[in-house]
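Please put together the full structure from these sequences, using the hints given.
Going by our numbering, the final residue of the sequence shown carries number 89, and the count climbs one at a time with no gaps.
Everything labelled a hint here was simulated from the structure, so no lab data went into it.
Quick caveat, the model's predicted, so the values are computed rather than measured.
Wrong hints could be hidden among the right ones.
What the hints assert, rightly or not - Pair by pair, the computed Cβ-Cβ distance ranges are: (1) 17 x 80: 27 to 33 Å; (2) 12 x 35: 23 to 29 Å; (3) 37 x 83: 34 to 40 Å; (4) 40 x 13: 19 to 25 Å; (5) 82 x 28: 16 to 22 Å; (6) 85 x 16: 35 to 41 Å; (7) 28 x 86: 23 to 29 Å.
The beta carbon of each residue, even a glycine, is placed where N, CA and C say it ideally should be.
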Amino acid sequence: MIQNIPEGVDSKFRLVLLIARRAEQLIRGARPKIKTERALKPTRLAAEEFQENEIRWDYGEEGGVLEPATEESAAEELEEEEEAVSSLD
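As structure tokens, this is what we get:
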């Protein structure tokens, strides 16, 4: 899985928490930041995103991953994709 802790992450325990939060976002509909040739479970995908430094995070009051996937943003992304597909027809 993760072989090196990304720069700026102070411990492997914090990294696990960040990966878990990112996996929750993916489950809720956030778009993956990396492309893979095979289907990955959300936790594995989140771990690979961190390994490739594709995710921004902050240790603020709430801490965690900075790119929250809200239902609104996921719905907006879906609408944009549907519009793009329908414009191809």
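(request) Provide an ascending list of the numbers of those earlier hints which the structure does not satisfy. (result) 3
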